[in-house]
Structures are given as C-alpha cells and as structure tokens.
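J.: Given next are the chains, with one letter for each unit.
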Amino acid sequence: MNLLLEYREKLIKLFNEYDLFVVPVLKFALAFVLFYLTNSYYGYLEALNSIFIIFILAIVCAMIPLSGTVVVGIALLILNCFGISFEIGLLAFCLYILLLILILRFVSEDSLAVLISPFAFSFNIPGVIPISLGLAGSAASALTSVCAVVAFSFTRNLPEIKELVDLGDLSSLEIIKQAMDMLFSNAEMIISIIVFAAVTMAVHSTRKLLSTYGWSTAILVGSVLYIFLMIIGNIFLELNMSYVVIIFGTLCSAAISFVISFFLFNVNYEESRYIQFEDDDYYYYVKAIPKTKITDAEPAHEEQSAEV
Amino acid sequence: MNNKRLKKMMDLAMFEELYGKEDIQISRYFFADYLVLGLLQNFVLITIAYIIILGLIIIYNFDYFAMNFADMNLKPVIMYIIIVYAAILAFYSLIVIIIRTMKYNRAVSKMSMYDHKLKSLDQISAGGESVSAEKEGNKKDESPA
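Sequences listed follow chains S and W, in order.
Okay, so the first sequence: first residue is 1 according to our numbering, each after it adds one.
Okay, so the second sequence: first residue is 1 according to our numbering, each after it adds one.
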C-alpha cells in the first residue's frame, strides 16, 4: 500500500512539473483509443476507416477541451451510421441532438461517459460508468448515466440494422421504424436506465455522507446495488442475461473504479497556471504550480503513511 | 516590490483569467437580462427538439397517418400537440430559471469578494505610495544642500 502511495506521489509530482506536455499527450491517447475503438466496432463508412484520419483527429483533440473530444467522437459515430444508410445516419443525428438538448446541456462535464459507454458494455464492464459518475460527478450525473445507456442501446443494434439494410427488402421508413423498435422496445435498456441512475445516486450519496472510507464504501455500495438490481431485473423481466457475466463484470468494474479513484479522484491533479498582469512599474509573468495535496483523503491511508 | 501587494495582484489575476471567468461574464448582465437570455436559448432548443420528436413519431406511425389523415379530426390533435409542447417548454423553462438563478447568485457573491480584494489592493498600493513619498521626502531632506 505504501508503495502505491509512493507511486501516486511521484505521478502527481510528474504531472505538476510537466503538465504542459502530459495533458495533451493524455488527451491524444484518450481520443486515439476512443476513435480507434469506434472505427473497429462501428466502422461502416469506408472513407473514415483510416488510421491516419484517427491520428489527425486525435491530434486535434489533444489541443481542444475534453468536451470537443466528445463532440468529435459523436460526430465520428454519426458519420459511420451514414455508412449504413442515410436514414440511420439521420436517426443517429436526431438521437444525439435530442440527448444533447434534453439532458446533456445541463450535465456537460460528464458527457465523456456517453462516448465511453458502448465500449464499456462491449467489454462487459458497464458498471464502471455509473460508479465512476457517482464518484466524480454530482447527483445530476444520474442523467448522464441514462444518456450513456441510451447511446449504448442504439449502437448495440447497429450490426443488426446493417444486416437488414443490406438485404435491401425494406423501404427507408421501414428501416427507421425497425431501428426505433429495436431501441425503444428494449426491456434491457429500461432496466439498465433504472439501475444506472440508482447506482450513480447511491454512489454519490455514500461518498458525500461518509467522511471515513467514503470512496471505498461508495464503490462497494454501487457494485452490490448494481448486481442486486440487475439480477432482480433479469428475473422479473426474463431477460436471460448471464449471471456470471453480471457478477464478474461488476467485480471488474469495481476494481477499475478503485484504481481510478485511487489515482485520479481524491488527489489534486490541478495543472500549473500561467497568468500575466502588470502594474505601473512591472510586467508580471507568473507560473503558479499547485502544491501536492490530497483532497478528501481517507484516514486509513494517512494512518498507514504515519506508521511508516 | 511589495510581496503582500504582489500576492493580492496574483490572486486577482488568477480569478480574472481562470476561476472567475464565467462569473465575471455573468455579472455583466442584469439578472432579468441573464434570465431572459437563458429562456430564449431554451425556447429555441426545446422547439427544435419537439419538432424532431414529432417528426420521429410521424415517421414511426406513417402508415397510420397515411391511411387515416383524410378522416382525422385535426383540431384535437393540434390542440394536443400544442398543450404537450407548452408543458415541456414550461418544465424546461423552470429548470433553466432555477439553474440560472443559482449561477447568478454565486457569480454576484464571488464578484463582491473580488471587489473587496480590489479595494484592499488599492489600500495596500495607497499605503505603499505614501511610504515611498515619505522616503523621497526624507532623501531630499538628507541630501546636502
């Protein structure tokens, strides 16, 4: 544990010293991975299936705020939907515009979850989304987790929709109707929405209410609640989801959330700030480097480092 | 250089350029104007969203509408559409009013702290000027005639 604390301190120091380079590199890496996965899973438009284009987009995203990466990622997904057919591309565009106008404009800080959710579900670790949102966000992040479920439910059906379109039997209206049926007549999506919202709020409330071991308890509460609600939903709605996948996936999600919370969420990774001002006599160019401090640190960590 | 004054100036500069940028922009509006701007944006966005939703509903039920449109009594349908639109608009307008009111009050309180810090910077600068004026005066007295 002390070794981990040591590594964390080194990481924070490194970040604070070289944040001018580290932040763009991290943003580039995140954008590259997300866009690569988007093209791998949903690469229906041949023109965009190029590592060079992903590379260029990732470089652009390294220089813009994180919300810009989300917009570019969603645009990439919508363009790939146009590769299936014009109607599906239009439906994807309408869906994301609706999510943006009705929900995401109020919780724009968490919108990265909407981009990550299809891949979290594909890797069978969907629990990481509501748990991380509950840890990092606010009670309103429950709305973001709802959007994440809707985004995944739409993208999950894209291969099936592509097969229908490729058959060539359906008209444009029938294609849209089929796609909307797959999205909205989906009991698994309804259950997932309820579970995600409940888990996000439970994790957030637990983290806020408990001063000692708040983060760890919140993750455990979120994981247990997620497993419990998914099993209940599976039984009552006869969804035939694998219990092993639910439980194992949630355990992996909890482990990932622990790692994320340890390295990211309860430490101060504030970047150095560059400001300039002047008075009558001087121009001042100031670099403010935040001191390494741990916010909301759990007493257990402090006790262990004190013992050393 | 006066370290106390420098620290105050840095504090104010960090607020202006980093943490308080949004609050400074918000405080430039009167409360009513800030609210009306938000409500206008909300009106446009909700109207666009409602048109999209209506379009999707019509596409989904296109067969039904195509067969029954001629026999349909449009008046209650249009009334229903308008009432639902008004309800959704009212709901989101309420959310926008609550959020914007909270943001405005927070911005105003932060700006009053900013003004307070500006005044204390003025006091430090004025104190520094009077001390340096005194030193200049002493130097003139001490210099050989």
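Please note: incorrect hints may appear among the correct ones.
[To be verified] Estimated spans, in silico, between C-beta atoms of each pair: (1) W:I88 with S:L173: 33 to 39 Å; (2) W:D11 with S:E17: 21 to 27 Å; (3) S:F184 with W:L89: 20 to 26 Å; (4) W:V36 with S:A139: 41 to 47 Å; (5) S:Q276 with W:M102: 20 to 26 Å.
Note that these hints are calculated values from the structure, not bench results.
By construction, the Cβ of each residue, glycine as well, lies at the ideal position given by its N, Cα and C atoms.
J.: Tell me the hint numbers this structure goes against, listed in increasing order.
T.: Hint check: 1, 4 and 5 fail, others pass.
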